[in-house]
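K.L.:
In terms of numbering that gives the first Met the number 0, the sequence shown opens at residue 0 and continues consecutively.
Treat the hints with care, since some could be wrong.
With a straight-line cut-off of 25 Å between C-alpha atoms, the simulated SDA-like cross-links for lysine to any residue are [as the list claims (entries may be wrong)]: (1) 291 <-> 205; (2) 291 <-> 247; (3) 245 <-> 176; (4) 105 <-> 172; (5) 245 <-> 179; (6) 105 <-> 205; (7) 245 <-> 172; (8) 183 <-> 290; (9) 245 <-> 275; (10) 80 <-> 116; (11) 245 <-> 208; (12) 245 <-> 178; (13) 80 <-> 66; (14) 213 <-> 154; (15) 291 <-> 252; (16) 245 <-> 182; (17) 80 <-> 154; (18) 80 <-> 51; (19) 245 <-> 219; (20) 80 <-> 69; (21) 105 <-> 204; (22) 213 <-> 246.
Hints were generated in silico from the structure; no laboratory data involved.
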Amino acid sequence: MSEPVHFDDKVVIVTGAGGGLGRAHALLFARHGARVVVNDLGGSASGEGANASAADRVVSEIREAGGTAVANHDSVTDGDKIVQNALDAFGRVDVVVNNAGILRDKSFAKMEDADWDLVYRVHVEGAYKVTHAAWPHLREQNYGRVIFTSSTSGIYGNFGQSNYGMAKLGLYGLTRTLALEGRKNNILVNAIAPTGGTRMTEGLIPPNVFELLKPELISPLVVYLGSEQCQDSAGLFEVGGGWIGKVRWERSLGAGFDPHAGFSPEDVAAQWQVISDFGGAVHPQDNVEALKEMMANLQRYMG
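Use the sequences and the hints to build the structure in full.
P.N.:
If you want it as structure tokens, here you go:
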């Protein structure tokens with residue numbers, strides 16, 4: 000049996016925590032001893048309006064269960080205000096869970112700038128603003144955990160979600176880089192791609208399946224990733240319905256051409272099956288490993 004996961008004296012910010020996944024995360028962090036900043040602007044699933052009651056209700060739930068929490072009603076695009084709220088209330092910040100999100104689904108042909116821009120601002124700029132404001136405090140205390148919320152729509156694509164998919168895979172690119180930059184200061188950064196039954200997925204999933212995709216089945220992974228016990232960084236995890244899997248990039252061994260002589264589109268066509276063959280595929284972990292096959296090809300032709 001693993002040692003208990005606990006957050007004694009730790010402060011956790013959860014964005015978009017007024018309902019759905021964020022609420023489930025906040026409640027479980029509090030149950031494990033964390034002091035929680037419950038952030039939620041209280042807008043609609045498509046990003047309109049604001050209502051303070053959503054965050055306030057979750058704070059009441061936490062306090063009634065004997066936990067410690069404060070509500071924050073700022074937009075994630077004002078991330079510095081959210082982090083300052085944590086510092087004012089609890090004097091520190093240890094874990095940032097970037098969960099806030101909206102949907103503006105449209106086919107690309109019908110996409111309007113407002114749909115693209117708002118999804119970008121909430122998901123990408125919002126996560127950047129909150130994390131960037133928290134980062135110096137995590138560095139100074141030589142400890143931190145950051146979780147970004149990606150999506151299978153970003154990993155695999157999804158019809159009508161070009162804006163959402165762009166934002167969600169962009170967050171994994173941010174995850175990978177911050178994991179490299181944060182490691183020396185014991186700041187570990189991971190991403191999840193959750194499938195949960197929330198107001199953002201209601202009507203998109205059959206009702207009998209929707210019932211089994213409870214948000215509470217996502218939160219144990221998030222709380223573990225936010226804990227001291229977790230030593231993984233740069234990971235991407237699909238999670239939902241009681242199942243968790245880790246995702247990694249895979250690349251074929253590829254085909255090499257003579258860099259001196261050059262090669263033609265016809266040469267590419269002739270080698271297309273080799274280029275696309277995943278037999279013996281590799282799984283580069285970083286930029287150095289990613290260059291291995293290309294460098295091996297160059298060395299074949301170097302004098």
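K.L.:
I'd like to know which numbered hints this structure contradicts. Please list them from smallest to largest.
P.N.:
Hints 1 and 17 are the ones this structure does not satisfy, whereas the remaining hints hold.
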